[in-house]
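A.B. asks: Sequence:
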Amino acid sequence: MNMQKDAGVQSPRAALLLGALGVVYGDIGTSPLYTVKVALSGSGDPTPDHILGMLSILFWMLVIVVSLKYVTCMLRADNRGEGGTLALMELAKRGRSGRGRWYLTFMGLIGASLFYGDSMITPAISVLSAVEGIGVISHQLDPWVVPIAVVVLLALFMVQSRGTEAIGRLFGPVMLLWFLVLGVMGAWRVAGQLHVLQAVNPLWAARFIVDAPWETFLALGALVLALTGAEALYADMGHFGRNTIRRAWFGLVFPSLVLCYFGQGALLLSDPSTIRNPFFLMAPDWGLIPLVGLATLATVIASQSVISGAFSVTRQAVQLGYWPRMIILHTSAREEGQIYLPKVNWLLLLAVLALVLAFRSSESLAHAYGFAVTGTMLMTSVLAFSVLPRAARGVQRGAWLALIALFLLIDVLLFASNTLKLHEGGWLPLMVGIVILTLMMTWKQGRQRIHDTLAGDHQPLVSFMESLEAYPPTRVPGTAVFMSMIVGTVPPALLHNLKHNKVLHEQALFLTIEVDDTPYVPFNERLKVERVSRSSWQAVARWGFKQEPNVPQVLQQVAHEIKDLNLEPMQTSYFLSRQTVIVVRRLPWYQSWRRHLFAFMARNASRTTRFYKIPPNRVVEMGMQMEL
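Following the numbering used here, the numbering of the sequence shown begins with 10 at its first residue and continues without gaps.
Source of the hints: derived by calculation from the structure; they are not laboratory data.
Hints should not be assumed to be uniformly reliable.
Said to hold, decoys possible - Restricting the straight-line Cα-Cα distance to at most 20 Å, the calculated cross-link-like pairs of lysine to aspartate or glutamate (EDC-like) are:
id, residue 1, residue 2
1, 537, 557
2, 572, 539
3, 537, 570
4, 622, 557
5, 453, 433
6, 511, 478
7, 622, 523
8, 511, 630
9, 508, 478
10, 622, 577
11, 537, 526
12, 572, 523
13, 453, 526
14, 102, 523
15, 430, 224
16, 453, 523
What the hints assert, rightly or not - Have a look at the derived ranges for each label pair, beta carbon to beta carbon:
id, residue 1, residue 2, range
17, 510, 359, 41 to 47 Å
18, 150, 591, 53 to 59 Å
19, 186, 150, 34 to 40 Å
Yeah, the Cβ is synthetic: ideal placement off N, Cα and C, and Gly gets one too.
My request is simple: use the sequences and hints to build the entire structure.
C.D. replies: So this is what it looks like as C-alpha cells:
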C-alpha cells in the first residue's frame, strides 16, 4: 500500500519535471549550439588560456545569473505564484503612487517590449543553428540551410492554431533526451582533456579579465547567449511552481549544460580548428546525422516556448490596459494558459522569416540577440530592487540590497557590451522595443484620457436612477445590462437609449469589469453587487490579469446572489457604447501623431462583444464620438 501511494505521489511530480524541461528550459537548453562558436571565433584559432578563461567566465555567469539570481532569488518575487516582467511590475507598483509608480511602470513596459524582440530572434537563430549542422555533414548542403530553416519555421507557425496540448506531450521526453545527449557528449570529450575542468576555478576568469579587460568586455556580448531563456525560468513559475523549476535546473539542466560547454572547450583544446562548429564536431561521425535531427527538434521546442510566451505576455498587456483588445482563442479545454492569438502569430512569422532571409546565419543573428536579452534582464533586476528587500529588515535587508546590486552590476556590464553591437544587428530589437513601447504607452494614455473625459462629464448613478423611478419613462419587459466603464456613474449607453428610444427595461444591471494587479482572482472574490434603486443594481466583477472576462458567466453568479433579478438569457439585452475616436485637426503633425496612432489602434481593436464573450444577437450598441 505504501509503495503504491508513493508511486502515485511521484508520478505527477515526474510529469511536472518533464513539462518544465520542455517549456521552461527549451531556450537556454539550445544555447550550446552557438554560444561557444560565437564567443571564441572572433580572433582565429583560440589559445588554451583563451579557452579556459572564456569557459571560466561562462561557468560563473551560469552560476551567478541563472542559479543565484533567477533560480534562487527571483523565484521568491512571485505575484501570487506568478512570475514574469509584467507580473513583477504590478507587484512593484503595489502600494506606490506618483512619479515612483510611473517609473516602475515604464521599466516594466521596457522589459516587456524587448521581450518581443527576443520572441522574433529566438526561433530564427535556434532553427538556423540546428539546420547549419548539415554543413558539417557536407559543405555541399550549405545552400540548403536557409530554405530548410524557412520550411521548418513555416510548419511551426502553421500548427500554432491547433495548440500545444497534443505536441506538448512530446516536449518533455525530447528535451530529456536532448539534455542527456548534451551531458554524455560533453563528459566524453572532457574525459579526454580533464585539465579543462580547471576552468571551474574563478582565478582563470579573473586572470583573463586582468590580462585582457577590453576583450573580456567585448566577449560578454557573446557569452550572454548562454543565458538566453533565463527569463523563462521566472515567467513560467505559475505553470510549474518554483520547486519543480529548481529541481529540474540543479538536477539535470545545469550539469548537462556545464558538461556540454566544457566538452566543447576540451575539443577546442585538442583541435582549435574545430571552432568552425564545436558543438556538432563533438559528436562521433556515426552520430552526426541523428544529432542534427535531435537539435532541430529541440530548437523547434525552444521556439514554441518563446511563441507561447509572446501570446501570454500579449494577453497580460491586453488585460492590464496596455494593448488593444485582441482575439484570444483557447486551444485546450483543460489548460487555461494554452491560448492562440492569430494576429500575434502571423506578425511573428513575418518577422522571423524576414530575419532568416536577411541575416542567413546564426552567427550574424547572434549580434542582434544579446541586446534584447540583456535589456529584459536589466529591467527585471531594477524591478526586483524595489520588491525583494521590501519585507526584509536589518541585516537581511542589507544582504538583499548587496545581492541585487551585484546582479545590477553584471546586467549593466552585459547590456553595455551588447550596445557596442547596435550597428551589427543590435539595432533591430532596439527598434522593435521602441515601437512596441510607443504603442503600449499610446494606448494606455489614450484610454486614460477617454476615462478622464467620461469621468468629468459623469452623473451620479443612484440619484439618476431614483429620479427615473419617480418619473419613469415607458418600461418594456426584460432586463437591460449596461456595460459601465466607471463605477457609480451613468453609462453613456443608458443616456443614448433614453434619448433615442425613450424606453427603459423593467430591470437594469450596471456591470463594470475591473482587472486586478494579481494574476488570478478566486471565483468567490470576483463579484460585488449593490442595489441602486427599486429596479436596478450595480455589479463590479474583477478578474486577474492572466484571466479572461466572461460576462455571461458572471451574470450567472449575479443571478445566484440576487433572486429578484431576472437574467434569463432570452430576457436579457446588453447595451454597449461604441466609441469612435475623432482626432481634431488643429495641431501640427508632430503634436498630433500619437492621437492618430491611438485612433488607428482603437479602430482595429477586437469588438467588445467578442472580447467579453457577450452573445452578439442580444447586443444593442449605442454609437458615440470622442474627440482627441
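A.B. asks: State for each hint whether it applies.
C.D. replies: Right, here's what the structure says about each hint:
{"no.": "1", "hint": "537 - 557", "in the structure": "18 Å, holds"}
{"no.": "2", "hint": "572 - 539", "in the structure": "13 Å, holds"}
{"no.": "3", "hint": "537 - 570", "in the structure": "10 Å, holds"}
{"no.": "4", "hint": "622 - 557", "in the structure": "9 Å, holds"}
{"no.": "5", "hint": "453 - 433", "in the structure": "33 Å, violated"}
{"no.": "6", "hint": "511 - 478", "in the structure": "14 Å, holds"}
{"no.": "7", "hint": "622 - 523", "in the structure": "15 Å, holds"}
{"no.": "8", "hint": "511 - 630", "in the structure": "16 Å, holds"}
{"no.": "9", "hint": "508 - 478", "in the structure": "17 Å, holds"}
{"no.": "10", "hint": "622 - 577", "in the structure": "16 Å, holds"}
{"no.": "11", "hint": "537 - 526", "in the structure": "17 Å, holds"}
{"no.": "12", "hint": "572 - 523", "in the structure": "24 Å, violated"}
{"no.": "13", "hint": "453 - 526", "in the structure": "15 Å, holds"}
{"no.": "14", "hint": "102 - 523", "in the structure": "17 Å, holds"}
{"no.": "15", "hint": "430 - 224", "in the structure": "14 Å, holds"}
{"no.": "16", "hint": "453 - 523", "in the structure": "15 Å, holds"}
{"no.": "17", "hint": "510 - 359: 41 to 47 Å", "in the structure": "46 Å, holds"}
{"no.": "18", "hint": "150 - 591: 53 to 59 Å", "in the structure": "58 Å, holds"}
{"no.": "19", "hint": "186 - 150: 34 to 40 Å", "in the structure": "24 Å, violated"}
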